[in-house]
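Build out the structure end to end from the sequences listed, making use of the hints.
Residue-level listing of the chains:
Protein chains: 2
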Amino acid sequence: MAGDGSDQRALQYEQTLMYGRYTQELGVYAKEEAARLRESGQRRSVSDRSRTLDLLEYDKGRCAKCRICTVRCQKFLISRVGEDWIFLILLGLLMALVSWVVDFCIAICLQAQKWMYGGLDSNVFLQYLAWVTYPVVLITFSAGFTQILAPQAVGSGIPEMKTILRGVVLKEYLTFKTFVAKVIGLTCALGSGMPLGKEGPFVHIASLCAALLSKFMSLFGGIYENESRNIEMLAAACAVGVGCCFAAPIGGVLFSIEVTSTFFAVRNYWRGFFAATFSAFIFRVLAVWNRDEETITALFKTRFRLDFPFDLQELPAFAVIGIASGFGGALFVYLNRLIVQFIRKQKAINRFLMKKRLLYPALVTLLVSTLTFPPGFGQFMAGKLTQKESLVTLLDNRTWAKQGIAEEFDYIGHSQAWKHPQVNVFVTLVLFIVMKFWMSALATTIPVPCGAFMPVFVIGAAFGRLVGESMAAWFPDGIHTDGTIYPIVPGGYAVVGAAALSGAVTHTVSTAVIVFELTGQISHILPVMIAVILANAVAQSLQPSLYDSIIRIKKLPYLPELGWGHHEKYNIRVEDIMVRDVRYITLNCCYRDLHNVLLTGHLKTLALVESAESMILLGSIERAQLQSLLSQQLGRPRRLEYIRERAVAEKKRLSVVSNPDSEDGSQRVSQEVRFQISTEESTFSPVRPVAQKPLKPALKRPSVVERPTEIPTSPQDNSSIALKNLFCASPDTEGLEDDGDVEDDMTIREIAEWEEMQLDEQVNFNNCKIDPAPFQLVERTSLHKTHTIFSLLGLDHAYVTSIGRLIGVVSLKELRKAIEGSVTVKGVKVRPPLASFRDSGTSSSENEATELHKLWDRHKSMSLPREHTPSESDEKSQ
Amino acid sequence: MAGDGSDQRALQYEQTLMYGRYTQELGVYAKEEAARLRESGQRRSVSDRSRTLDLLEYDKGRCAKCRICTVRCQKFLISRVGEDWIFLILLGLLMALVSWVVDFCIAICLQAQKWMYGGLDSNVFLQYLAWVTYPVVLITFSAGFTQILAPQAVGSGIPEMKTILRGVVLKEYLTFKTFVAKVIGLTCALGSGMPLGKEGPFVHIASLCAALLSKFMSLFGGIYENESRNIEMLAAACAVGVGCCFAAPIGGVLFSIEVTSTFFAVRNYWRGFFAATFSAFIFRVLAVWNRDEETITALFKTRFRLDFPFDLQELPAFAVIGIASGFGGALFVYLNRLIVQFIRKQKAINRFLMKKRLLYPALVTLLVSTLTFPPGFGQFMAGKLTQKESLVTLLDNRTWAKQGIAEEFDYIGHSQAWKHPQVNVFVTLVLFIVMKFWMSALATTIPVPCGAFMPVFVIGAAFGRLVGESMAAWFPDGIHTDGTIYPIVPGGYAVVGAAALSGAVTHTVSTAVIVFELTGQISHILPVMIAVILANAVAQSLQPSLYDSIIRIKKLPYLPELGWGHHEKYNIRVEDIMVRDVRYITLNCCYRDLHNVLLTGHLKTLALVESAESMILLGSIERAQLQSLLSQQLGRPRRLEYIRERAVAEKKRLSVVSNPDSEDGSQRVSQEVRFQISTEESTFSPVRPVAQKPLKPALKRPSVVERPTEIPTSPQDNSSIALKNLFCASPDTEGLEDDGDVEDDMTIREIAEWEEMQLDEQVNFNNCKIDPAPFQLVERTSLHKTHTIFSLLGLDHAYVTSIGRLIGVVSLKELRKAIEGSVTVKGVKVRPPLASFRDSGTSSSENEATELHKLWDRHKSMSLPREHTPSESDEKSQ
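Residue numbers (this note's numbering), protein chains in the order written: chain A, 1 to 878; chain B, 1 to 878.
Don't take each hint at face value.
Unchecked claim - Pairs of lysine-lysine residues, derived as DSBU-like cross-links and limited to a Cα-Cα distance of at most 35 Å, are as follows: (1) A:301 / B:388; (2) B:355 / B:177; (3) B:769 / A:817.
As the list claims (entries may be wrong) - Facing chain A, from chain B, some residues (calculated, C-beta under 8 Å): (4) 509; (5) 513; (6) 521.
Unchecked claim - Calculated from the model, a selection of chain A residues having no Cβ within reach of chain B, i.e. all distances over 12 Å: (7) 93; (8) 127; (9) 219; (10) 334; (11) 399; (12) 435; (13) 553; (14) 590; (15) 596; (16) 654.
Since the hints were made in silico from the structure, they are not lab data.
Small disclaimer: the values here were computed from a predicted structure and weren't measured.
Cβ atoms here follow ideal geometry from the backbone N, Cα and C, with glycine treated the same way.
Put into structure tokens, the structure is as follows:
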């Protein structure tokens, strides 16, 4: 059972691949492997049983039954630990605690700032210093800390999670270091009082938690190693992240689905709901236990009247909020991207900022906090309120303005901040909206862990409030004509505005649900839904969502969505977008062809066809496999082998004809010897760990067993060392072992000659990992269907075949191009209306594509090397 | 442009298949086809343009520009009509109107019953007669009407929609007749006051609306013919159905997703939200316009207090409701299935009921209405309340009971029904729950259009009310200890109970959202979520959902879900469940092999491999294709052809040697002649309409053009007639045309001999539709992944290959068996805990499987014959 660990790893790896991979002809290997696995499983259970029996024997005198019971209980518990719901409860609990602690720390930070600011009210300059220095220090610390510990923790996290759930592996993205950096960085960043949110980061933190918990739990059971399960758990974790951030389980699940998934498995639905509900529950219970609340209620509870929440004639106003929010949301995304691109393009600024990485955050914080300084400009925009306080006041169910002028409404608590002796409440609101808008767009570009959802939410609420107050001023007695007077509730408008603007920025409908859960009231459901849908309709036709925009900025591998009902997609065919010049290798090609193919192209996988004439697709081979094949064929170990062989032949010849000039003679006979070797040598597996099938070559080609030390012995190659160890005891190897110390005495010319000869040999694919069922499409498959399949199965390329014959290949790149509208078919330029506005953001598509390829490369090389790939280190033909 | 219509049809068909189908080697055909299509598209646009130009010429004198403008506007409008949102708005509007009209009619029916009952209060017997006769007549009419017009309209519709969205085509399920039957049947059934719901039927009605609207709209534009688009629209329609039924857009979308989908495309999300919101909006606006409501509010508005909705210590009570509802829900599903199976098994009853189809509904109605007769037993179970009234009273925010005894609570309106002078309110509630429980389970088996959601919802509310009243009686001053007294709100418990029980029966979490939208309050979100999740956990481990249960009863083709975290699924491999004895045909087989394969197996598709030795999978061919190939080879037209040929040869021989004994001589030379013919004859396409590629055989084999009348002229074969017409003018056919009237003068023995000879010929697959890329798996693919792929892509079988070599096949049947636990792997019997309880319902799995195959057969034969398949009528080898 020595190879158990590697078996486990190999097993796990194989489960991640859809099509598996087999190295031997006719699937014999797979069957053996399956039989072996089952056998080992039986053996394990037998050994378990025997251990129990041993215990029984050992403790016969004492309370043996008790012992056995304990063992069984332990086993039962461990098997239970493997169940999903335990994992989800733990995840929910953990995230609720994290969320609560983060909130608590943020509150303390903000209180500290207020306290400092309040304590220094004798001197405005000192007050200003305190007001400004505090956030600058916090943000700078956050940026620095994140930069040093884990730069992956910067930003929202939702774009990255979207990419990860698409099947891409992002390096270092789900590690403990990132977790620490994200949590501490986020706390400091939000504690500074800058207009930043915690939602996006919490999605990331929850995913980190899930990944770490998964790793931890795998110490107990084995199921946690399954990749598809991990993806399912990550999807649930995203829901938990949103859920425990807003105490909004339903909205959390829906928002996380909308934001991270393309296709959602309904069977995962309950996982999200379960974990998010538990998390939200614990999160709110903690507040009750901490005596912050009397019982579990909504986070931003509203108290609108229930019997007549709004009049039917107010609906146009709600629709206006929706449409305006749509434009606003698109503008926000555009502004955010513009700032990033501006800073990137200005080489001078860029170079300067790159050197002093902490300067940019500090400068931005300085600017923002200076403008919000309450005795300064802040007095006109409720600058002294924190984000939470402003939201609470904005959702207030009292009307601030009546008859067009700001009246003496009974300012209770924080609402006072909105009142300015000289300035109308409308002016305050407008200033608040405008200033916060660009401040938020700017602040979210700071390299700290932060989200944009909450700032946008507050701006939306303010905008809704503005419209609501205007309506209240316009119709002081309400619109309803007959009977009772129902005054207009501006707070309801604020709710609608918040949902609409955040929906527009994130391109989601579920912000409506989040709003209901946040406010604890669902009475405005229809206005909210109408506004959110209108906002989405407008924003989606103008700009990508904020997360997609970040994906583009960060150049993550992505596949754009098919837009709102662009039915031209049904008319484009794969044949219109496929690459017809496919790189392929034939079954009977020689190593020289392999070499040429590897030199000229840079695709990750190559098609394997039967012959250049028939072009029947047999499978696909990864580039790394071919490289290892080639390097195996040309590598030093094999050359040493050749020299040794030559020496042996020489010796034999010497012993027969007693001719001492070995050097020249051996070269003369080398050809016959070489061919003799090569037919057997190439059965050596360059990649597969030997533990998995140590005796397979022996079964197939008995001659190998007779000459086992012909297998090369490169020091890096653990598997071959293992093999050597395995065979060491074999008696017939001893006679040859003294040849191990042959010198590499070939000249460069000789080596070149030798390599030339090697290149002419036919490739032996026996031990090469071939994906026997790469995904195939036919020419007539529509773009719509292709997109669906690519999204569903997370493909990055598919071959186009016609009755088994390879005629083209489609990769994500072509698909993306086609969707984004650079392909014209039947005279129709396929692009969304108003897309020209969007072009400015996607000009550098060529760069993106190469970046994409790099990322894929990384992805591939990261998901592969669970198996030992020794030959990659000494590749020659990269 | 004569073949345009059939082109369109063929195009449409091709879009429905994922992998397309090509009849000629090496994809040449596809390229030609694509080129041809594009050309015709260009031609069309050219002709459009020329038409415009014609107009320009024609109207030069008059307001030509005006005309052109009109044409353009018209075109623009027509193209707009094709956009999704227009369709969705129309669908929403239509469904809102239907929902409102149905509700209105139901209300009138119920009022009429009350009026009759109230008017006859002098005589109890007359009262009873009126109370009982009215529903019996209505239900009998509904059952009869549905039976006569469209039996497909019976029942809920959700199970069928689930099957349809899975990709199966159910016959006659989305027709106008079904629409009429469903709407009228549903109105009558619900107007009778029986415990039935309108939710399920509304999902079906909305889908019907969408399908009909799609057909109607396709008169304007061409996009409505796309199958994937139709599926998307059907998914949106399901959301609309729930949304406009409860005025619950969000809950509607979520519920429809949970109930009908396995994998949900997030890009369809907005469609559902958009249409459902619009529909719910119109539905509620109609109520306002009808002066039923002052403004748009929830359907069953509650008025619970907002500031302290529930105490933390009440949560255990809510959890108890959840768990009890879970058991209750499972019991309901079990009871429902038991009743159906009992009636089916009792042969005597069954035969009697089959003869008098309307007797069963009448009897059930009589029983139920007798028991609810208000002066009789109905007085103990609030029998005189309609479903809607009971729900309103149950959700009331006042407490009915205090200190353990029913107090004189101020009975306003319908609440009085719950009060009985002698009997405690608890007894009334218990009786209500128990009686309604079995009544609902029984009533939903009546063959009328009806759902079970609403009855279950009411029962759940009553159960919640019962627990709530008990709690209120137990803690008269509330549980909260410090400070203010917050009495317990039993109405909140009713909300929780309603959501939990309906969630348990349907296995959905989104009933929580529906409840919030129905009541207009979200304050109880955490209790509701906790109860719903617990109820789901319990119910899902005991029984399938009501809809899955109906799917099993109706034996619809389905794929069971993977249960709650049964991680054994990750350890089963395809190789454990696949069928290794695959039926295949080789590329070089003869017709005899084909014949044998068709005789012995009954699979829908057969694998095409290169040869029996290599077993390289080239594609799959449908059974019907092979049958038509075979019948073509052995059919009468071809035999007549042979006779004609023979006669011609005879004539020639006569003209040369002048020997009169033709009969014997022709038989002697028949062999040579036959072979000469057969090589050319077999290029004739048996299935493909000739309009698609009339000249293809000519291009490939010039000899055919020289002898065009050799093509058989069976009267049913339109395509060959068309071909004949095409070639009729050709001069070299005239000399042979007098042979058209040859007599079928072969004896049976001769025919048998001839057929034997034909069977030995090699099959020519040239004109056979081959799916060149059937879905392939490898042996190591896990069951979990296989299930995912099958669900995602809607497959019904997949081939298992190993480097292109076919080694097995997996179909839905095997997959279902594996999931339902009849396969044991590694000693673990894969089945959910407590599954033994479930077994009683699935004993007849073998019957199901055969039924399934029949359904698939039907599905296949329905989705195929968009193309003309003349040879199916004269098949010999079925």
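Handout entry: Hints breached by this structure
Key = Hint check: nothing fails, all pass.
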